[in-house]
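A.B. asks: Here's the letter readout for the chains.
2 protein chains.
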Amino acid sequence: MESRSVYKSAGQSEDTTGISRRVSQITVSAIKQMPLLASKVPGCVSLGQGIPSHNTPEFIREAVIEALRSDASIGKYSLQPGIPKLKELIARDLMRTRKIDFIDPETELFVSCGGMEALAAGIATIVDRGDEVILTSPTYSSHIEQILFAEGEPKFVPLQESDGWSLNPDAIRKAITKKTKALIICSPLNPTGVVFSEAQLREIAAIVLEHNLFVVVDETYDFLVYDDVPYFSLLSIPEIKDRIIAACSFSKRYCMTGWRVGYMYASERMIKQVLKVHDAFAICAPTISQFAAAAALSGTNGKDGPGDESVRQLVDSMTRRRNLVCSRLDRLPEMFSYVKPEGGYYVFPKYSMGNISSMDFALKILHEAKVITVPGNAFGPTGEGHIRLSFGAEESELNEAFDRIDRWLA
Amino acid sequence: MESRSVYKSAGQSEDTTGISRRVSQITVSAIKQMPLLASKVPGCVSLGQGIPSHNTPEFIREAVIEALRSDASIGKYSLQPGIPKLKELIARDLMRTRKIDFIDPETELFVSCGGMEALAAGIATIVDRGDEVILTSPTYSSHIEQILFAEGEPKFVPLQESDGWSLNPDAIRKAITKKTKALIICSPLNPTGVVFSEAQLREIAAIVLEHNLFVVVDETYDFLVYDDVPYFSLLSIPEIKDRIIAACSFSKRYCMTGWRVGYMYASERMIKQVLKVHDAFAICAPTISQFAAAAALSGTNGKDGPGDESVRQLVDSMTRRRNLVCSRLDRLPEMFSYVKPEGGYYVFPKYSMGNISSMDFALKILHEAKVITVPGNAFGPTGEGHIRLSFGAEESELNEAFDRIDRWLA
Chain A
1 MESRSVYKSA GQSEDTTGIS RRVSQITVSA IKQMPLLASK VPGCVSLGQG
51 IPSHNTPEFI REAVIEALRS DASIGKYSLQ PGIPKLKELI ARDLMRTRKI
101 DFIDPETELF VSCGGMEALA AGIATIVDRG DEVILTSPTY SSHIEQILFA
151 EGEPKFVPLQ ESDGWSLNPD AIRKAITKKT KALIICSPLN PTGVVFSEAQ
201 LREIAAIVLE HNLFVVVDET YDFLVYDDVP YFSLLSIPEI KDRIIAACSF
251 SKRYCMTGWR VGYMYASERM IKQVLKVHDA FAICAPTISQ FAAAAALSGT
301 NGKDGPGDES VRQLVDSMTR RRNLVCSRLD RLPEMFSYVK PEGGYYVFPK
351 YSMGNISSMD FALKILHEAK VITVPGNAFG PTGEGHIRLS FGAEESELNE
401 AFDRIDRWLA
Chain B
1 MESRSVYKSA GQSEDTTGIS RRVSQITVSA IKQMPLLASK VPGCVSLGQG
51 IPSHNTPEFI REAVIEALRS DASIGKYSLQ PGIPKLKELI ARDLMRTRKI
101 DFIDPETELF VSCGGMEALA AGIATIVDRG DEVILTSPTY SSHIEQILFA
151 EGEPKFVPLQ ESDGWSLNPD AIRKAITKKT KALIICSPLN PTGVVFSEAQ
201 LREIAAIVLE HNLFVVVDET YDFLVYDDVP YFSLLSIPEI KDRIIAACSF
251 SKRYCMTGWR VGYMYASERM IKQVLKVHDA FAICAPTISQ FAAAAALSGT
301 NGKDGPGDES VRQLVDSMTR RRNLVCSRLD RLPEMFSYVK PEGGYYVFPK
351 YSMGNISSMD FALKILHEAK VITVPGNAFG PTGEGHIRLS FGAEESELNE
401 AFDRIDRWLA
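Line by line, the protein sequences give chains A and B. Yeah, the first sequence ends on 410 if you go by the numbering used here, and it's all consecutive. Yeah, the second sequence ends on 410 if you go by the numbering used here, and it's all consecutive.
Just to be clear, a hint being listed does not mean it is correct.
The list treats identical chains as interchangeable, and a pair is accepted whether it falls inside one copy or across any two copies.
[Said to hold, decoys possible] Subject to a maximum C-alpha distance of 30 angstroms in a straight line, what follows is the list of computed DSS-like cross-link-like pairs (lysine-lysine):
{"hint": "1", "residue 1": "K364", "residue 2": "K350"}
{"hint": "2", "residue 1": "K303", "residue 2": "K350"}
{"hint": "3", "residue 1": "K174", "residue 2": "K350"}
{"hint": "4", "residue 1": "K85", "residue 2": "K370"}
{"hint": "5", "residue 1": "K303", "residue 2": "K155"}
{"hint": "6", "residue 1": "K241", "residue 2": "K340"}
{"hint": "7", "residue 1": "K155", "residue 2": "K85"}
{"hint": "8", "residue 1": "K370", "residue 2": "K178"}
{"hint": "9", "residue 1": "K370", "residue 2": "K155"}
{"hint": "10", "residue 1": "K179", "residue 2": "K85"}
{"hint": "11", "residue 1": "K241", "residue 2": "K364"}
{"hint": "12", "residue 1": "K85", "residue 2": "K350"}
{"hint": "13", "residue 1": "K350", "residue 2": "K179"}
{"hint": "14", "residue 1": "K99", "residue 2": "K350"}
{"hint": "15", "residue 1": "K303", "residue 2": "K364"}
{"hint": "16", "residue 1": "K85", "residue 2": "K364"}
{"hint": "17", "residue 1": "K178", "residue 2": "K350"}
{"hint": "18", "residue 1": "K370", "residue 2": "K99"}
These aren't lab readings, by the way, just hints derived from the structure by calculation.
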């Protein structure tokens, strides 16, 4: 994990006297370090953290306002696994979108403090010291920290940029050892935007069964796929239901990043175990955010509720932003090459600037062009030489950021 | 830890194949199991989970409503350690209430998903496999799970009921070994309501310095002390600042249990480490709840803001409820003996019913009297033979619960 140490050395040296092994070896993701660094640099434009510019839709906010005035339970703990009504709505939505015959909302789901808590708690539930977990490289940086927190060993399987960052099940199969406990699969993949195909994912399912592994599924960007690229979910394969730990989120689909509400879907046996971690870390997901999530899903039936309309508008808006960012990158072929994202709201260009590390490159852009980006090595070794650009910001801001980059390069 | 296995055996047997060691050995706290069990028993009255009946104060809810209509940032991630304005308000409040000369809000605080996340993340940051952590017994049950999650060894130092559950620093000193890493101190103590004295806590500080330990301080009920009992905080002892990991909460003070917002106060070095865990588990505390917390503290100056008024009303109301519950217990001297709580909103009576375990006793009251309580052994071995009663409910409900218990006993 060479690039990891490069990345860490870019931070300040740390005094870890008395600090546990698990925490000594993890780090705050560069995705969050960059905005903190940037908060000291006045006047930055952000292509950094994945925060869509859009407000949480009004119908959701108004439902919360109504409840704040009429329902005292909105301020109190919910049942620890979540509000039963919300869990029913989640089950209905997930059965529809993933073509699952039946989900028991009482035993096969719990509501978490964002998809992030579901991922961290899920990984802590299955990974012991020394267990190996296979990740694509690049991958979402927090997956790496979550494995290290559980004292497991991240094993990176590189994706080939020349191959559109596509998944190579054979390479994954070759990485399996006796110590392999799980795979982590994120599609659309943060940071590259690749969407893995049904054929590839069915092979992953076969590998999971063959080697008796768990598969942690991060479906944060499930709804956001461009150009009619087909989206397929591992949750649609009933044979691996007992091996799946899936984390889903309201953050991106309903522009609710700050509400911290998501959920886990898994077998009854697994949910029972993960709930112990949820209990020790969170008690319950924020009740007010569970109300908001229930409002969001009440407006969603796959046809014409206000939730569907808000998702459609978001996808349209993100499509325009993706096209804008790609066209701006296309004007800088000397500096950047990239694979066009099929989903999500990130693009992961490779830069041409001698031997400079991605952290130094991102810091240079921050200080010299006043544009926030995220260094590619935060996403695994294969990310070195790249930066991640989020196109969640408004078009005017995206243009401003690229105008600054243009001037900086000139 | 005999009582722990008694408690666990009351649950269903578990299939922990493939589950990590840390999660195999923890459990969902009985505090949360009881409401889940009770949700299958229609018509229960609750003396169980610590949820005050009071709404979140109107001035807080209205401030949130205003922001939901005017400030799009309420729906988005905050900076990972929390909203700077809120952290300034917290620092000001903590300097005033704990008589601390200076707190740097930027480096010595972070906003967490409830006090619970601060506790869990703090313990995971300092406790390694095999480290010993000293707890009072009884203690808040989640402290035990959080130590076990970090693969540490809880070491219980019994409090003497005959001595009013008071802290015995000498007994703590005797429990220290070479493997001791930290103490956990909670005052007012959940579940007994004892408030530890300044003299006792100063001795604890001396022990911490002498043995180079950390002290995890749970101050969830700091504001809720009865009968002019003096409240003293370990945070007021500057000599141990580098050894302190303090978890504080908005949940009880402002009737905001469901909002999941609290914070950690610790040294800059420690905060930097714990933020890594916060990053991997939460990203940030819910932004909407941070807005609510900022509104709460904006109304609090120790004199006559709406926040102070709401806290005063809450203390008055809880004083009446405590007196009511104590007078009802006083009518049942054959069944219950108890120490009158000096703080918090729990009483921890000992029952006289042969050799029945506290879990069986709590289940009997649940099924036969339809009253939710929490079995005492969830709070450590010394809790066996007791139940915890919360008096957060309205007086009519408290009376109804005791009417049922009276009839059940008759």
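A.B. asks: Against this structure, judge whether each hint is valid.
C.D. replies: Do the hints match the structure? See the list:
1. K364 <-> K350: Classified as within; 15 angstroms inside a copy, 66 angstroms across copies.
2. K303 <-> K350: neither (39 angstroms within a copy, 58 angstroms between copies)
3. K174 <-> K350: within (27 angstroms within a copy, 60 angstroms between copies)
4. K85 <-> K370: between (46 angstroms within a copy, 24 angstroms between copies)
5. K303 <-> K155: Answer is neither; intra-copy 41 angstroms and inter-copy 57 angstroms both fail.
6. K241 <-> K340: neither (32 angstroms within a copy, 51 angstroms between copies)
7. K155 <-> K85: For K155 and K85, neither the intra-copy (39 angstroms) nor the inter-copy (41 angstroms) Cα distance is at most 30 angstroms.
8. K370 <-> K178: Result: close neither inside a copy nor across copies, 47 angstroms intra and 51 angstroms inter.
9. K370 <-> K155: Neither way: K370 and K155 sit 35 angstroms apart in one copy and 52 angstroms across, limit 30 angstroms.
10. K179 <-> K85: neither (40 angstroms within a copy, 47 angstroms between copies)
11. K241 <-> K364: neither (46 angstroms within a copy, 37 angstroms between copies)
12. K85 <-> K350: neither (46 angstroms within a copy, 38 angstroms between copies)
13. K350 <-> K179: Intra 33 angstroms, inter 49 angstroms, cutoff 30 angstroms: neither.
14. K99 <-> K350: neither (37 angstroms within a copy, 53 angstroms between copies)
15. K303 <-> K364: Neither way: K303 and K364 sit 46 angstroms apart in one copy and 49 angstroms across, limit 30 angstroms.
16. K85 <-> K364: Between copies only: 29 angstroms across chains, 49 angstroms inside a chain, cut-off 30 angstroms.
17. K178 <-> K350: neither (35 angstroms within a copy, 52 angstroms between copies)
18. K370 <-> K99: Neither, since 45 angstroms and 41 angstroms both go past 30 angstroms.
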